[in-house]
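S.K.: Chains A and B supply the protein sequences, listed in that same order.
Heads up, the first sequence is in my numbering, so the first residue is 15 and it goes up one at a time.
Heads up, the second sequence is in my numbering, so the first residue is 15 and it goes up one at a time.
Take these hints with a grain of salt, some might be off.
Any copy will do: because identical chains look the same in the list, a pair fits if it lies in one copy or spans two.
[What the hints assert, rightly or not] In silico lysine-lysine, DSS-like type, Cα no more than 27 Å apart, as pairs: (1) 41 - 124; (2) 174 - 143; (3) 143 - 182; (4) 169 - 155; (5) 48 - 124; (6) 270 - 91; (7) 169 - 124; (8) 124 - 287; (9) 124 - 44; (10) 48 - 58; (11) 270 - 17; (12) 48 - 28; (13) 91 - 174; (14) 44 - 143; (15) 143 - 169; (16) 174 - 44.
Because the hints were derived from the structure by calculation, they are not lab data.
2 protein chains.
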Amino acid sequence: MNKQQLFEQIQRKKSFLCVGLDPVMDKLPKHLLKYNDPILEFNKQLIDATHDLCVAYKPNTAFYETRGVKGWDTLVKTWAHFPKDVFTIADAKRGDIGNTSAMYAEAFFKEESSGMSFDSVTVAPYMGKDSVTPFLTYQDKWVILLALTSNEGSKDFQTKQSESEEQKLYEQVISTSQQWSDSNQMMYVVGATKPEEFQNIRRLAPDHFLLVPGVGAQGGSLSAVCEYGLNSECGLLVNSARSIIYASSGEDFAEKAREEALALQQEMEQILKAANLI
Amino acid sequence: MNKQQLFEQIQRKKSFLCVGLDPVMDKLPKHLLKYNDPILEFNKQLIDATHDLCVAYKPNTAFYETRGVKGWDTLVKTWAHFPKDVFTIADAKRGDIGNTSAMYAEAFFKEESSGMSFDSVTVAPYMGKDSVTPFLTYQDKWVILLALTSNEGSKDFQTKQSESEEQKLYEQVISTSQQWSDSNQMMYVVGATKPEEFQNIRRLAPDHFLLVPGVGAQGGSLSAVCEYGLNSECGLLVNSARSIIYASSGEDFAEKAREEALALQQEMEQILKAANLI
Numbered sequence: 015m016n017k018q019q020l021f022e023q024i025q026r027k028k029s030f031l032c033v034g035l036d037p038v039m040d041k042l043p044k045h046l047l048k049y050n051d052p053i054l055e056f057n058k059q060l061i062d063a064t065h066d067l068c069v070a071y072k073p074n075t076a077f078y079e080t081r082g083v084k085g086w087d088t089l090v091k092t093w094a095h096f097p098k099d100v101f102t103i104a105d106a107k108r109g110d111i112g113n114t115s116a117m118y119a120e121a122f123f124k125e126e127s128s129g130m131s132f133d134s135v136t137v138a139p140y141m142g143k144d145s146v147t148p149f150l151t152y153q154d155k156w157v158i159l160l161a162l163t164s165n166e167g168s169k170d171f172q173t174k175q176s177e178s179e180e181q182k183l184y185e186q187v188i189s190t191s192q193q194w195s196d197s198n199q200m201m202y203v204v205g206a207t208k209p210e211e212f213q214n215i216r217r218l219a220p221d222h223f224l225l226v227p228g229v230g231a232q233g234g235s236l237s238a239v240c241e242y243g244l245n246s247e248c249g250l251l252v253n254s255a256r257s258i259i260y261a262s263s264g265e266d267f268a269e270k271a272r273e274e275a276l277a278l279q280q281e282m283e284q285i286l287k288a289a290n291l292i
Numbered sequence: 015m016n017k018q019q020l021f022e023q024i025q026r027k028k029s030f031l032c033v034g035l036d037p038v039m040d041k042l043p044k045h046l047l048k049y050n051d052p053i054l055e056f057n058k059q060l061i062d063a064t065h066d067l068c069v070a071y072k073p074n075t076a077f078y079e080t081r082g083v084k085g086w087d088t089l090v091k092t093w094a095h096f097p098k099d100v101f102t103i104a105d106a107k108r109g110d111i112g113n114t115s116a117m118y119a120e121a122f123f124k125e126e127s128s129g130m131s132f133d134s135v136t137v138a139p140y141m142g143k144d145s146v147t148p149f150l151t152y153q154d155k156w157v158i159l160l161a162l163t164s165n166e167g168s169k170d171f172q173t174k175q176s177e178s179e180e181q182k183l184y185e186q187v188i189s190t191s192q193q194w195s196d197s198n199q200m201m202y203v204v205g206a207t208k209p210e211e212f213q214n215i216r217r218l219a220p221d222h223f224l225l226v227p228g229v230g231a232q233g234g235s236l237s238a239v240c241e242y243g244l245n246s247e248c249g250l251l252v253n254s255a256r257s258i259i260y261a262s263s264g265e266d267f268a269e270k271a272r273e274e275a276l277a278l279q280q281e282m283e284q285i286l287k288a289a290n291l292i
C-alpha cells in the first residue's frame, strides 16, 4: 500500500487507528480454548469485529515467537486473514548487517518465501544504513524505523542529553535516515508518552507518517499527540493494543473490542474534521 | 552455561571458535536437496563435523525466518541437535519494551514455551534498560548486546564522532549497560573489522566476553582481534560462518568445513598458549 492509498483509507474510514494484535494465551477468553489454535481464533474474531474502524493492524512478532513453531504458524494465518484494505505492520524491530537484513525483508515481505507479505516492518536503527536499505527494495513496502520509543529505556540512549547542544540520538536517526529514503517508504515510531517531542519531530520530518504506540494502557493521550503530530495527509497511525483486545475476557470480547475501537474512531473522526482532513 | 564453564570448554577444546549457522538454500550442496529438510541436514552434518573444534554455535534467526514456519521448525530442530558442551547463541538482535522483551526471552530461553533454550541471545540496545533486563532473569542465560558491529552502517550512529569529545554511542552502550548486569550474564558484540577499537573496549569492559563476528568473509583478522581482545579468561568468542559452512559445495562439504574449523582452532590454540591461558 502506498502513501496515497493509505491516506485514502484514513479518509474513507475516518480513522487513523492501528490495532495491536499482541495476544497472550493466559489472557484469552476461556471459551476460545476449545479451538485448535485459540490465538488465531481470537485474532480472526478481533479483525472481523474492527476492520471497518481501523486502517492498520500491528502484530508484534514476540507474542508469536514465544510459542515457537506453533506461534509462527499463527502469525502466518493471521496475516492471511487481514482484509486487503488495511495497512499491515510486522512489529518485529529487526535489523542486521546488509545480507542478513535482506533475509528479514524476505521473511516479512515475500510471500513465496515465508507465506507472509506485510506492508511494513519495524526496524531498529542501531546498525545503520545497510541494515535498513534491504527493506526498501520492495515496491510499496515500508520501513518503520524506531526513533523515540514509548518506554522508560528510551532515556538511556535515544534522548540522552549531550553536554554540548548537539542532536539527541533519536534526532540523528530521523535526520540521517532521510538520506536513505523518503516519506513514501519510511515512517518513524514515536511513542505517545512523549507528546512534548512531537513539535520537534515534525520540524525534522514534516511529511512522514509516524506510528504512535503508547495510547491507552501505556498512558499516552490521543489529543496531545494530534496537537503537533497531524500533517496534511494525517501523518499518524495511532496504535492501541491492550485496551482494545482485552476490553472483555468473556464471550463478548469481540463486541467489546469493537466498542473500544469505535470510541477511538469517533474521537479520531472529530480530530480529522477539525483539521479539515475529511 | 556460566562463565566458568565456558572458559573450561575453551581450555578443554583449545578453541574460542564460534560457528555461524547461516544457511541459504541456494548455496546448499545439491545432494542434500533429496532430504525432507535439506537445511536441517546441512546443519546437523556441520555440527557433527565441527563440535569438538568450536565452543559455540550461532544460528542467525533471519536465515530461518525467511522460510516462514518451515524455517522456524528447522531452527528448533537445529537447536535440539546441539551437543550439551557447546555454548549456543540465538543471533536474533531482538529488543522491545519490557513486557514484549519478556516474550522474546521466553522464545529463546524457555523450552516449555518455544521448544528452544539457547544459552544466549543477541539484543539491540536502542530501546535501553527495560528492553534488555527481561533477558537477564534466567539463570546462566546471557544477553549479548550489540556494541560495535562489523558492518559499514556502524559508522552512522555507533561511532559517530561528536563535536565535543564525549563518548561515542557504542561506548555509552558499554558503560551504561554495566549498570544492568555484569560480565557473568552479559557479553558485547564487537566486529572483527574494527581491531583498532579493541584496546578502547577492553578499557571499558575488561572482564566481559566479546562476541566477534567478521573474521573471514567480512575481512577481519584473528591476530589483530586477539592482540588487545584477550583477557585472563580468554574473553573472546570469534565467529566464522561463510568460510566454514560453505568451504565446499560438494558431497565433502562437512569434511571441508572441518578442515577450515581445524585451521582456525589450531591458530587459536597457539594464541591461547602464547597468552598462558592453556
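S.K.: None of the hints should be skipped; say for each whether it holds.
M.R.: Here is what the structure says about each hint:
In this assembly of identical chains, residue 41 and residue 124 lie within 27 Å of each other by CA distance solely across copies; the values are 19 Å between and 32 Å within a copy. For the identical chains of this complex, residue 174 and residue 143 are neighbours both inside a copy (22 Å) and across copies (13 Å), given an alpha-carbon limit of 27 Å. For a Cα distance limit of 27 Å, the shortest separation of residue 143 from residue 182 qualifies both inside one copy, at 18 Å, and across copies, at 18 Å. Taking CA atoms no more than 27 Å apart as the test, residue 169 paired with residue 155 passes between copies only; the shortest distance there is 26 Å, against 30 Å inside one copy.
For a Cα distance limit of 27 Å, the shortest separation of residue 48 from residue 124 across copies, 25 Å, qualifies, whereas the shortest one inside one copy, 33 Å, does not. Taking the shortest Cα distances, residue 270 and residue 91 sit within 27 Å of each other inside one copy (23 Å), while across copies they are farther apart (41 Å). Taking identical chains as interchangeable, the C-alpha atoms of residue 169 and residue 124 are never at most 27 Å apart, the minima being 35 Å within one chain and 29 Å between chains. Taking CA atoms no more than 27 Å apart as the test, residue 124 paired with residue 287 passes in neither setting, with 37 Å inside one copy and 49 Å between copies.
Taking the shortest Cα distances, residue 124 and residue 44 sit within 27 Å of each other only across copies (24 Å), while inside one copy they are farther apart (35 Å). Taking the shortest Cα distances, residue 48 and residue 58 sit within 27 Å of each other inside one copy (15 Å), while across copies they are farther apart (37 Å). Proximity of residue 270 to residue 17 under the C-alpha cut-off of 27 Å is found in neither arrangement, the shortest distances being 31 Å within a copy and 50 Å between copies. In this assembly of identical chains, the alpha carbons of residue 48 and residue 28 never lie at most 27 Å apart, being 36 Å within a copy and 53 Å across copies at closest.
Taking the shortest alpha-carbon separations for residue 91 and residue 174, neither the intra-copy value of 40 Å nor the inter-copy value of 42 Å comes in at or below 27 Å. With identical chains, the CA atoms of residue 44 and residue 143 are never at most 27 Å apart, being 46 Å at best within one copy and 34 Å at best between copies. In this homomeric assembly, residue 143 and residue 169 come within 27 Å of each other (Cα to Cα) both inside a single copy, at 23 Å, and across copies, at 9 Å. Taking the closest pair of Cα atoms, residue 174 and residue 44 never come within 27 Å of each other, the shortest separation being 44 Å inside a single copy and 52 Å across copies.
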